[in-house]
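Asks: Letter by letter, the sequence shown follows residues 1 to 74 of the numbering used here.
Misleading hints may appear alongside valid ones.
[What the hints assert, rightly or not] Okay, derived cross-link-like pairs now, DSBU-like style, lysine-lysine, Cα gap no bigger than 30 Å in a straight line:
#, residue 1, residue 2
1, Lys45, Lys21
2, Lys68, Lys2
3, Lys22, Lys45
4, Lys21, Lys2
5, Lys68, Lys22
6, Lys21, Lys68
7, Lys68, Lys45
8, Lys22, Lys2
9, Lys2, Lys45
Just so you know, these hints were derived from the structure itself, not from any lab. If you're wondering where the values come from, they're calculated on a predicted model, not measured in any experiment.
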Amino acid sequence: MKSVVYFTDIRARRVEEASVKKLSRLLDALDLGDLIGSGDLVAIKVHLGTPGNQRHIRPHHIRVVVEKVRELGG
Numbered sequence: 001m002k003s004v005v006y007f008t009d010i011r012a013r014r015v016e017e018a019s020v021k022k023l024s025r026l027l028d029a030l031d032l033g034d035l036i037g038s039g040d041l042v043a044i045k046v047h048l049g050t051p052g053n054q055r056h057i058r059p060h061h062i063r064v065v066v067e068k069v070r071e072l073g074g
């Protein structure tokens, strides 16, 4: 069985294309409701890399993930 791969270009030319909005749409496409239930304890792995580098997860992106998990009851 082939894996489904989701991709979004991080670059933004307009405000409505901001990376946090793209991440939110990507999380919606994942249909996490099948994985996260009300009251579930959910661990969110955070890798802290070099500041100013795209290899670490920026706080505003972490916030989007946390808000989505909370929205689903986790």
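Asks: Are the hints correct? Go through all of them and say.
Replies: Now the hints, each set against the structure:
1. Lys45 with Lys21: 20 Å, holds
2. Lys68 with Lys2: 26 Å, holds
3. Lys22 with Lys45: At roughly 20 Å apart (the allowed maximum being 30 Å), Lys45 and Lys22 satisfy the hint.
4. Lys21 with Lys2: 27 Å, holds
5. Lys68 with Lys22: 13 Å, holds
6. Lys21 with Lys68: Holds, at about 12 Å.
7. Lys68 with Lys45: 15 Å, holds
8. Lys22 with Lys2: With a Cα-Cα distance of about 24 Å, the restraint between Lys22 and Lys2 holds, given a limit of 30 Å.
9. Lys2 with Lys45: 25 Å, holds
Checked against the numbered hints given earlier, the structure satisfies every one of them.
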